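Chemist: This is what each chain is made of:
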Amino acid sequence: MSQLNLRNAARVGLLAGVVALSVSAIGMVESFDQRDLITDLFTLGQLLLFSAPLVAGYMVTKGVRDADNGAAVLLGLVSGVLTAVPPIALILLTLIAPNIRNALVNVSPALISILTFGASQIIGSLILAVIMAVLGVIGAAIHIVPEAVRKPILYGFGWTLGLGMLSDVLLNILRPLLGRSLVRLFFGTKGITFVSAAIIFVLSIAITIWWQSGGQSQYEARKASLSEAQAKRSRQISIGAGIVALLLLPLILGTYLTEVVDNVGLFILMGLGLNIVVGFAGLLDLGYVAFFAIGAYVMGILTSQGDLGIIDMSFWLALPISVAAAVTAGVLLGMPVLRMRGDYLAIVTLGFGEIIRVMATSDLLKPYIGGAQGILQIAKPTSGSFTMVQPEHFYYLILAGAGLAVFVSWRLRDSRLGRQWMALREDEDVAEAMGINLVSTKLLAFGIGAAFSGLAGAIFATRLSSIFPHSFNLLISINVLSLIIVGGIGSLPGVVVGALVLVGLPELLREFAQYRLLLYGALMIAMMLARPEGLWPSSITRREFHAEDEVVGGVQ
Amino acid sequence: MALLEVNDIHTYYGNIHALKGISVTVEEGEIVSLIGGNGAGKTTTLRTISGLLQPRSGNVLFAGEDLSKYRAHHLVAKGIAMVPEGRGVFARLSVSENLGMGAYHRNDKDGIAEDLERVYKLFPRLEERQNQVAGTLSGGEQQMLAMGRAMMSRPSLLLMDEPSMGLAPVLVEAIFDTIEEINKEGTTILLVEQNAHMALQVAHRGYVLQTGEIILSNSAQELQKDPTVQKAYLGIE
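Just so you know, the sequences run in chain order Z and P.
Following the working numbering, the numbering of the first sequence begins with 77 at its first residue and continues without gaps.
Following the working numbering, the numbering of the second sequence begins with 34 at its first residue and continues without gaps.
Treat the hints as calculated values from the structure; they're not laboratory data.
Be careful, since some hints might not be right.
Unchecked claim - Taking CB as the label site, the calculated pair distances span: (1) P/V203 with Z/G479: 53 to 59 angstroms; (2) P/R139 with Z/I313: 34 to 40 angstroms; (3) Z/L594 with P/R139: 27 to 33 angstroms; (4) Z/M600 with P/A201: 38 to 44 angstroms; (5) Z/A305 with P/G119: 32 to 38 angstroms; (6) Z/L599 with P/K142: 44 to 50 angstroms; (7) P/E161 with Z/G427: 56 to 62 angstroms; (8) Z/L594 with P/T244: 56 to 62 angstroms.
What the hints assert, rightly or not - A few chain P residues that don't get close to chain Z, going by computed Cβ distances all over 10 angstroms: (9) A35; (10) A110; (11) I269.
Everything numeric in this text was worked out from a predicted model, so none of it was measured.
Ideal Cβ placement from N, Cα and C applies to all residues, glycine included.
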């Protein structure tokens, strides 16, 4: 038995080592190393590198029984040491073959210096092996340590690293509040300082311990003791506070971060639309960007003050027309695909999205929509003498749009139409046998989904003042679909969480940009393995993935 | 006037002539069984009645009204409910959500609550499991759920496609007991079955189909005695 486990430990360790080797060789480690999590102490690149032995150690000891600590430590050690082997091979390779960069461009001296901690190749390799071995054991120890100790420590590291990663954002928000000297105390040039890291670490551990040792039960007891009216009131208060916070957000975030939030908001808006089509009605639409493009182009043509503008309309007048155009396109696309299901539907919609993009670049339509040069000088929204130009202004426009979309989605989900969509998603034939009109149900899903996307497109056009066909490529559709999947299909909060993770984070961590698709892929695979229901799943999906627990616990 | 009158329907799958002139009548209050082997056209007949397939010629009258002008989804409101083959429950929804879906086109809250109670009385098992996900029910429970869901539309005619399929014999008995009970409460039933023995025991009348044609029709009692039926479908030599 133990021999079998050792083989597994070796396999997983080597696999993790190969992952560490690959992320190094493609330049990710070096590029992520630019960002300090804790100034002069720990970088994002190191986090990437060192999570390999940690995860390996954690995984190989999963099956070990609680009592057998020695075995767990041994397995962790083996996997940790073996994780170091492939990167060390790379280091030593640079000794034998100094010209390795001709083949592997990213294996730079800087990378080797990261891997060897600045020491020579031989000594550095030894250091790396020791550190990875220790990390492997720590990964294994996660299973051994009792939960009362494990949880606070994990939360401590989680918060410290998480906030360290977002130090730009924190600095942006806190700079006006703290004095110069405090800012210098808490923030280094590229990340948080050791002082603030220590504060965050200790605080989060303290809070977790307090929460475990009675805080949670106290909170739940208080919550349970509230009368129904009080509970309702406290819910109203928290919703009210949430709305106030959303309204004040741009003041806190400043211009740059508001710009990022605007982007996230547009994706939330599109995500909510696609969520109706894919999440509620179960119709897999891969050409969703088409409606975004149509909304943007109609807005452009109607309001542009350049050569291509036709009537110089105001934004507010053009907005409903853009949305209506997107809805029309949604219904028109819906009609021919009424009889298609699953894969076939996905392929046809994929084609539709491409058709729209190709048409936008075509010479045929160039006199009207500008071809590859796009449409310029799109009007900004005005009201009286006030013109929206700042990201902060658009923030409120997008917030209003997304708020409307959330409200509409939420009301529709529990409506008769929501039931129809649910039945359609679960089983088209049975839905028809239940007396559901499939034609209108599907067309309404396509139409309403397209409306949100068209709205997002119209705002997108006016925000940037110019639009180009290449902004409307397949990647947008994939982005929106991914954020729904990551957030949890069919879940409204899931859309927001998904957009924050998939759109917001990469914007904040510019190092990601180059590796965005790679990280998307890795995240998708990890999600499918570890949390297929999404980060914030809807009740139906949650139930689906935990149905077995219910049966086991239920009456037999 | 018969509640359901199927007049000489011919239904095709592409070029395949699946129904070669089927005529069936169901009087109000009856249980009528269509029996026959694989490929006899039983399910095709049911699907044509429920509007999922269109006959090339012939017509279907429900309470004297020609159904060809309606699409499948209109029939529930007309009073025809279908229990599909293979049960077809919404696997990810709970038992009570499935039942709610059966009453989806109705607006009368009190009536729906009343019918829900009736269904739970017919199938106490479903009440016990009302919050369980339908996909985790046993085959028999899923069949009960599909029947209960159809009853939630308060139909005057219930179409059932192979209710005994894939069920243990003891469950088949229970299901057919319930069919009789539903019928006694006033719902007319047309059911399609391979299990001719059970089907003819509960039915008032029966039709025997073979390769798209009706070869025999009689009262269920007479059919049970018929030598052809005994030999071909009841396994009696």
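Chemist: Hints broken by the structure, by number, lowest first?
Modeler: When the structure is compared with the hints, numbers 3, 5, 7 and 10 turn out to be violated.
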